[in-house]
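Note that the protein sequences, when read in sequence, are chains A and B. Following the working numbering, the numbering of the first sequence begins with -8 at its first residue and continues without gaps. Following the working numbering, the numbering of the second sequence begins with 968 at its first residue and continues without gaps.
Hints listed in this document are in silico derivations from the structure and should not be mistaken for laboratory results. If you're wondering where the values come from, they're calculated on a predicted model, not measured in any experiment. Hints should not be assumed to be uniformly reliable.
Unchecked claim - With a straight-line Cα cutoff of 27 Å, these simulated BS3-like cross-link-like pairs (lysine-lysine) come out:
hint : chain 1 : residue 1 : chain 2 : residue 2
1    : A       : K48       : A       : K14
2    : B       : K1123     : A       : K14
3    : B       : K1110     : B       : K988
4    : B       : K1082     : A       : K85
5    : B       : K1027     : B       : K1051
6    : A       : K184      : B       : K1110
7    : B       : K1027     : B       : K986
8    : B       : K1082     : B       : K1051
9    : A       : K23       : A       : K64
10   : A       : K23       : A       : K48
11   : B       : K1123     : B       : K1153
12   : B       : K1110     : B       : K1207
13   : A       : K24       : A       : K184
14   : B       : K1123     : A       : K8
15   : A       : K94       : A       : K64
16   : A       : K119      : A       : K48
17   : A       : K48       : B       : K1123
18   : A       : K24       : A       : K96
19   : A       : K121      : A       : K85
20   : B       : K1027     : A       : K8
21   : B       : K1020     : B       : K1114
22   : B       : K1034     : B       : K1114
23   : B       : K1207     : B       : K1153
24   : B       : K1034     : A       : K8
25   : B       : K986      : B       : K1035
26   : A       : K119      : B       : K1020
27   : A       : K121      : B       : K1207
28   : A       : K119      : A       : K63
29   : A       : K184      : B       : K1035
30   : A       : K119      : A       : K162
31   : B       : K1123     : A       : K85
32   : A       : K48       : A       : K96
33   : A       : K14       : B       : K1082
34   : A       : K45       : B       : K1035
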Amino acid sequence: MVVIIDYGMGNLASVLKAVNSLKIEAIITSDKKEIQDASLIILPGVGSFEQGIKNLKERGLIELLNEEVIQKKKPFLGICLGMQLIMEQGNEPKPCRGLGWIKGKVEAIQNTRLPVPHLGWNKTYQPKEKNQEDTLSNNFYFIHSFHVIPDEEVKCTYVDYEFTMVASIQKKNIFATQFHPEKSQEAGLSLLKTYIDSNA
Amino acid sequence: MLKVRLIPVMTFNGISLVKTKQFASSRTVGNPIQVARVYNSRNVDELVFIDIKASEQNRKINLSLVKKVIDECFMPVTIGGGIKTFEDINDLLRIGADKVLIKTMALEDPDFIVKAVEYFGSQCISIAVDVIFENGEYWIHQKNNDKLLMEIFIDKMNQCNVGELVISAVHNDGMMMGYDYNLYQKVTQLTSKPVVAVGGAGTPSHFIQLMQTDYNGALAAASIYHFTQFTPQEVKTTLKNAQIPVRI
């Protein structure tokens, strides 16, 4: 069973709808037992970093997630804020510690030319393969004002918006996307299906 | 590179989908759920759904119908109509709306917008800026005929840190004679927020003409998809052939 973590931050219904449309069973929950029994954990989320960490803490989810994802190595998918929260440090609205599963920080997009938030469909790519299309390199829907800057060797895809930002990140059993696969039509559904089928 | 967003607009009167001309004389254009399903299959980049009578008739938007519309969509959806409280916003986000579109409250109580942005995040608060061109100026279109210059209202919304401005040219609504190109060039100088242009597109060349100006926002339209043979996909292909970045 796939669990979608309910911590009061954003678009859980959309994620559930997308996963269900792939004929994959999933539940929205913050229940300890259900998360322990899960085969794969999805942490979605829209909103500010500090509020996200605060909500996880209040629900006793930080220790539980550490246990399941870091100690037991359960497959994990973070989406948008759910990707940012796994970094060591956030800055929204002020400096704040994150889950720290990946070294690095989350900083505001500081563009001079293009509007912030980075909003709309943009092409992701793997290093040195800008024009290739595959499950991870496609047009996905982004909406964010902060971006992650990893400080260790991890597998990333990138996206260009005035400068180059990390679009997705992978380290062992942890995979996370800055974009919203659940809102990215065929490209997003295919990515969700591939990740869940090969990990859950 | 970020793609130009192509966005169909669905206007609903509480009973069926309608298409207005200059915000009046509406024509029925079908069932919202079926239309949403077709747009999803056409790979549109986003969808906007507005109950245009909710505020006027002082009623809430029909959540069970809106949920059925959203359930057809695997792209972002913006919902507007009669939003007056945090509970209204919450109700829409809970059934899967990505953004809410607010007009009346933005005009009556900008402080409500400031609080909504703080609470829900700017990414989900879009503002409807309906403008009319009169005596050489762009004015906000209001039921009570109050006079408010567009510049003043946009400046206020910039200060409220809203996520997006959906700017409709009322004088061009349903006319299918092209966007108001001057309006959107002007708007580009007034805000650094993402902008959605609505009103006047009747042929694929109208979209290209707008993108050949300084405007770099999203392209929304309704009549062209209801009343001509052009589908959103065909419009995108035309844009692509004109070297404008779109998601095919």
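Hints and how they fare:
1. A/K48 / A/K14: With a Cα-Cα distance of about 32 Å, the restraint between A/K48 and A/K14 is violated, given a limit of 27 Å.
2. B/K1123 / A/K14: The given pair, whose Cα atoms are some 46 Å apart, is violated under the 27 Å limit.
3. B/K1110 / B/K988: Roughly 16 Å separates the two Cα atoms, so the pair holds.
4. B/K1082 / A/K85: holds, 19 Å
5. B/K1027 / B/K1051: holds, 9 Å
6. A/K184 / B/K1110: Cα-Cα ~48 Å, so violated.
7. B/K1027 / B/K986: holds, 21 Å
8. B/K1082 / B/K1051: holds, 12 Å
9. A/K23 / A/K64: Roughly 16 Å between the alpha carbons, so the hint for A/K23 and A/K64 holds.
10. A/K23 / A/K48: Holds, because 13 Å separates the two Cα atoms, which is no more than 27 Å.
11. B/K1123 / B/K1153: Answer holds: B/K1123 to B/K1153 is near 16 Å, not above 27 Å.
12. B/K1110 / B/K1207: violated, 39 Å
13. A/K24 / A/K184: holds, 25 Å
14. B/K1123 / A/K8: The hint is violated at about 37 Å.
15. A/K94 / A/K64: Holds, at about 17 Å.
16. A/K119 / A/K48: This hinted pair is violated, its Cα atoms lying about 39 Å apart.
17. A/K48 / B/K1123: violated, 36 Å
18. A/K24 / A/K96: violated, 31 Å
19. A/K121 / A/K85: Status violated; Cα separation ~34 Å.
20. B/K1027 / A/K8: holds, 25 Å
21. B/K1020 / B/K1114: holds, 22 Å
22. B/K1034 / B/K1114: With a Cα-Cα distance of about 36 Å, the restraint between B/K1034 and B/K1114 is violated, given a limit of 27 Å.
23. B/K1207 / B/K1153: At roughly 25 Å apart (the allowed maximum being 27 Å), B/K1153 and B/K1207 satisfy the hint.
24. B/K1034 / A/K8: holds, 12 Å
25. B/K986 / B/K1035: Cα-Cα ~20 Å, so holds.
26. A/K119 / B/K1020: Violated: A/K119 and B/K1020 sit about 52 Å apart, past 27 Å.
27. A/K121 / B/K1207: holds, 19 Å
28. A/K119 / A/K63: violated, 34 Å
29. A/K184 / B/K1035: holds, 23 Å
30. A/K119 / A/K162: holds, 20 Å
31. B/K1123 / A/K85: At roughly 25 Å apart (the allowed maximum being 27 Å), A/K85 and B/K1123 satisfy the hint.
32. A/K48 / A/K96: With Cα atoms ~19 Å apart, A/K48 and A/K96 stay inside 27 Å; holds.
33. A/K14 / B/K1082: violated, 39 Å
34. A/K45 / B/K1035: Distance of about 33 Å is beyond 27 Å: violated.
Hints 1, 2, 6, 12, 14, 16, 17, 18, 19, 22, 26, 28, 33 and 34, counting from the list given before, are not met by this structure.
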